[in-house]
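Trainee: Taking the hints into account, I'd like the entire structure generated from these sequences.
Residue strings, one per chain:
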Amino acid sequence: MVVLQCIEEGRVQQNVQVNADSFEMIIQAPKIAQMAAPGQFVMVSCAEPGRSPLLRRPLSIHDVNGKTLSLLYRVVGQGTDILSHMGEKDRISILGPLGHGFTISNAGHHCLVGGGIGIAPLLLLAKNIAQTRPGEAITVLAGARNKQEFLALDKFRDRATVHIATDDGSAGHHGFVTELLDGLVATDLAVYTCGPTPMMKGVSMLCQKHGWDCQVSLESHMACGMGACLGCAVERSGIHEGVGKYVHVCKDGPVFDAEVIWA
Amino acid sequence: MVVLQCIEEGRVQQNVQVNADSFEMIIQAPKIAQMAAPGQFVMVSCAEPGRSPLLRRPLSIHDVNGKTLSLLYRVVGQGTDILSHMGEKDRISILGPLGHGFTISNAGHHCLVGGGIGIAPLLLLAKNIAQTRPGEAITVLAGARNKQEFLALDKFRDRATVHIATDDGSAGHHGFVTELLDGLVATDLAVYTCGPTPMMKGVSMLCQKHGWDCQVSLESHMACGMGACLGCAVERSGIHEGVGKYVHVCKDGPVFDAEVIWA
Amino acid sequence: MGVDLSVKIGTLSLKNPIMTASGTFGYGEEFSPFVDCADLGAIVVKGISVHPRPGNPPPRIVETEGGMLNAIGLQNGGVDRFIASKIPMLRDLNATVIVNILGDSIDDYAALARRLEPLPEVHGIEVNISCPNVKKGGVAFGTVPEMAARVTSAVKENTSKPVIIKLSPNVTDITAIALAVEEAGADGVSLINTLIGMAIDVQSRRPKLANIIGGLSGPAIKPVALRMVYQVAQVVKIPVIGIGGISSLNDVLEFLIAGATGVQIGTANFINPAVSGELVEGLTAYLLKHECSLDDLVGSLRT
Amino acid sequence: MGVDLSVKIGTLSLKNPIMTASGTFGYGEEFSPFVDCADLGAIVVKGISVHPRPGNPPPRIVETEGGMLNAIGLQNGGVDRFIASKIPMLRDLNATVIVNILGDSIDDYAALARRLEPLPEVHGIEVNISCPNVKKGGVAFGTVPEMAARVTSAVKENTSKPVIIKLSPNVTDITAIALAVEEAGADGVSLINTLIGMAIDVQSRRPKLANIIGGLSGPAIKPVALRMVYQVAQVVKIPVIGIGGISSLNDVLEFLIAGATGVQIGTANFINPAVSGELVEGLTAYLLKHECSLDDLVGSLRT
Ligand SMILES: Cc1cc2nc3c(=O)[nH]c(=O)nc-3n(C[C@H](O)[C@H](O)[C@H](O)COP(=O)(O)OP(=O)(O)OC[C@H]3O[C@@H](n4cnc5c(N)ncnc54)[C@H](O)[C@@H]3O)c2cc1C
Ligand SMILES: Cc1cc2nc3c(=O)[nH]c(=O)nc-3n(C[C@H](O)[C@H](O)[C@H](O)COP(=O)(O)OP(=O)(O)OC[C@H]3O[C@@H](n4cnc5c(N)ncnc54)[C@H](O)[C@@H]3O)c2cc1C
Ligand SMILES: Cc1cc2nc3c(=O)[nH]c(=O)nc-3n(C[C@H](O)[C@H](O)[C@H](O)COP(=O)(O)O)c2cc1C
Ligand SMILES: Cc1cc2nc3c(=O)[nH]c(=O)nc-3n(C[C@H](O)[C@H](O)[C@H](O)COP(=O)(O)O)c2cc1C
Ligand code: FES
Ligand code: FES
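Those protein sequence lines, which keep their order, are chains W, A, X and R.
First residue of the first sequence? That's 1 in my numbering, and the numbers climb one at a time after it.
First residue of the second sequence? That's 264 in my numbering, and the numbers climb one at a time after it.
First residue of the third sequence? That's 527 in my numbering, and the numbers climb one at a time after it.
First residue of the fourth sequence? That's 830 in my numbering, and the numbers climb one at a time after it.
Take every hint as true, because none was put in to throw you off.
Facing chain W, a subset of chain X residues (Cβ under 7 Å, in silico):
#1 G552
#2 E556
#3 P559
#4 P578
#5 P580
#6 P584
#7 P585
#8 I587
#9 E589
#10 E591
#11 G592
#12 I598
#13 G603
#14 G744
#15 F796
FYI, nobody ran anything at the bench for these hints, they're computed from the structure.
Where a beta carbon is used, it is the ideal one built from N, C-alpha and C, also for glycine.
Mentor: Right under this line is the structure:
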């Protein structure tokens, strides 16, 4: 599948703090906004070319509204810290849209499972399903360490039923979001998940148990984001010879059928 | 001469553009402001320690008012560009005051000769002379490529007679500032100069001709600014053996008796 | 554009001195939205071996101050698959193609040269005798003049195409290696490959690369690369191709002034996939503006 | 502070593993407003030669991405002047002092060791072998195992003080040099010295350093330094002192985990003259917080 992509000098429209360590940045980037599909990502520059931090940072496309693109990101290091200090009208170089996103399943019931910042790519997916599959059920299961940590839930509520779980029990189910999933009674279910690796692995194991198809959105360190450097390899499930041993998150993914990774 | 110095987390009070490519930054840095003497400089950080641009940038102390320090700087590259984007309340790490400044001569008439951004260190000197030598004549000769380029002249006017020269004749004398100096009729004159090297060399040659003592403020690339790296060497006039061959701008200078450099 | 940017490496003549560095430009196709490969001096494709290589386990890359470490492990599908699946695509790109080869033995290098010989789509061969990532192979050849010379002869004996030997910077005297391969018939040398480096995650006390060590690239290594290019250009008569941290026109000019006939852009492709094409335009504009030719520039360092 | 930070290098025991690197800390005095030298593991003073050296003409330094190039040219007043004018001051600093020495010949090194032997203020000697051997046509002592070993023995024969050999990174196999000097009796090795690099001013087409080439230091070289420290620590039994781009506590920890017994802070002193003292505090706090000892840390890389 050939994806069209470009480098766009985006213009920050707003960059607001949404919880203790996360921000949402809305950027005018008409070209990329127009091409973006759910589950795809962009590579954003945090400095002038050749200056450090050298590499672009991969961030999921959280939302798209007309000519604007929204990124939901957590500040974890130098690059995201620089992003968090950007303000209105600042320019930001964006490369994208990149990667192979979610494929909307033909199942009648869609379950989106997000852990922490992993909720980011699921919003555009939910919107897309609601739009292209009117009447089909959408359930969102969101997990977080605590009540304060949840992100963007309200944006889901008008299109999906949302259930939440917290590690500390400060809101919703006291425990793992996977437990909520296990509790679902459904046959014709498609699961889409993004979050910490252990969580996604747990989700895909459950899906195998229940016979649901499952798509996972992976992360990996990236240099190019477009299949050139081969830096973003992750091992495939099963035994494979030669180059078949690895898949590349930026190009084959970031979204994979769960079986490709865990089986 | 042992200079007291410190690292101070200054606070930008204002940072205003003063001509096409220059800015004046006023910083709250009480410790350094209190210690600063005319002709000394500071080393300012343009990034977090260990991040590029790696080295601190040397800038002359342009002015001091109580707890604040003023820097007058021209944007020529990455570091000064970063400085020019700083705003009110931003923190800036300053190392200083550094170096050996101007020594106020016992001559009854003081002539300050500045070229371009070289005017920067002369303001504090003028203020200092006016304060410590009431009644003594202060003449300021300022040179620039054109009328628009002059900096801080008004701040001199109430303490000194100011004459200007421009390369393009757009204001004052059409020609070099050295020609103004040559025109001065004075016996008991002390000259202090800062600006492009050819200008300072010209000034010191004239002073030798007229028998005036002359102090020059030099520039050199610096790593430490405090005499440790030996990176800021400049050759001394005359023939010298071994280590005597060079002086170090950050410690022996930046201000030198002209004869030490050119003879 | 009214200015001649062409350069010659052996019998191969390039439109201009701007090439892409092996392993940083895939096989060109990924970059088609950003660069017309036909506009470049050449594209140097990802290293090819006799047999497929899965590459190293992840993590394979880590960012460092002013650079990055990679331990891809020379992942590639092997020469047969390259010929079957990539050559047709490369033909369509209309680009001057230099194929980077690597092996575990002299025979591997010879075999690769032989396999590529009949292909008109392959305009030149770059021999990687220096990749720091694999424990076996690579390194040894690039660090011993005699070995480097033997690889060179083996390749030359099996191809009529221009042969560029890509030198390792992880040596005491790179000029000795350069002279040895020139003597052995190399049509040009390209340098530098990556410096061997390492990074550690303090919390887990594990290396940040699964391979423990990796190759350092990017602006951080530019001063070392420029120095080596200058030293090599002083002693060899064959063309020198400069590589290492080149991201801007100013960087390109530094390498040309130091004595490089051409340059390769590596890590910079990741930050700006359009950079190679932009540098061709930038260099053209520079030469026009300063009314100088490439020859005026190359090796014009004033010392 | 309830945690033992002391380390031993031969017979010399240091308060803690944090030292300052030669040529980046003057003779300590300049830093007295920022650091109490007595709190540091040791200060390594600017390189001393038999006769005074004027150093190189300016420009001597240039900034690069993530680092800097220097070509100071080993400027120093010579050993006599050092003893006359610096030793008294060093005595007052109350610091553990390691004197860095350099020479053009084996005899120079021997002579320097002899001159320093009687001085109680000198606690150890660090030998800079990155200098050219004038007799051997200017090949650096540090690039040939045999020459490195001969310098080591010459110094050892003339001093009872602990001897640290400072290794050059501009070699094919740094472990071979390390093993050679260990064999010759070195009490420790410190690495790395600067990588040789270069920068060019495109407008004037001149080198940015009057000396054309210079030494690259700073964060840019950290990955190379860390890799070499790791490799050397694998093969030698004597203490390894890590040097290269260390600016933060995290950097210090990386080098210790890689196998360094101690570290030296160089270029970082220019950016923050108080950094060495801060790192002693930082390391102390870290060990307390994680309830681990230095021994737990050193060489604890999980591979
Ligand atoms: C396809 C994809 C989509 C992503 N979407 C989002 C998102 O929507 N919101 C969000 O907050 N984060 C997202 N991430 C993670 C995000 O890329 C990292 O948090 C970010 O790169 C950290 O950069 P830094 O400079 O702040 O941290 P540093 O630790 O300083 O980064 C150092 C280097 O490591 C890389 N790196 C560090 N953590 C990660 C990581 N988890 N994944 C990949 N590279 C990493 C950085 O890119 C950089 O090259 C995504 C990652 C991938 C691969
Ligand atoms: C004692 C002293 C006082 C100074 N006072 C002033 C002043 O009051 N106002 C002002 O505008 N400028 C002053 N300068 C010059 C100022 O230091 C440089 O313009 C500035 O360092 C350029 O940094 P940059 O990153 O913008 O430029 P870049 O060219 O990107 O800098 C690259 C490197 O070169 C060094 N460098 C570049 N130009 C100079 C220079 N002329 N002198 C020393 N180092 C240089 C930088 O510090 C940096 O390390 C002074 C210099 C010295 C030595
Ligand atoms: C991710 C990556 C993969 C590379 N793969 C190869 C390779 O397969 N063969 C090779 O000769 N060099 C390879 N290199 C080295 C580059 O071609 C180049 O020599 C080096 O990166 C220095 O240039 P730069 O600083 O511009 O990146 C690779 C470099 C990177 C960063
Ligand atoms: C300005 C400067 C001067 C130096 N002088 C010496 C010296 O005289 N002797 C020596 O052995 N190393 C010298 N070095 C090398 C440093 O001691 C150190 O090995 C190197 O800079 C790497 O460490 P860093 O990256 O922390 O600076 C010098 C380094 C710099 C930057
Ligand atoms: S990030 Fe370069 S191939 Fe995936
Ligand atoms: S700048 Fe370091 S000695 Fe002057």
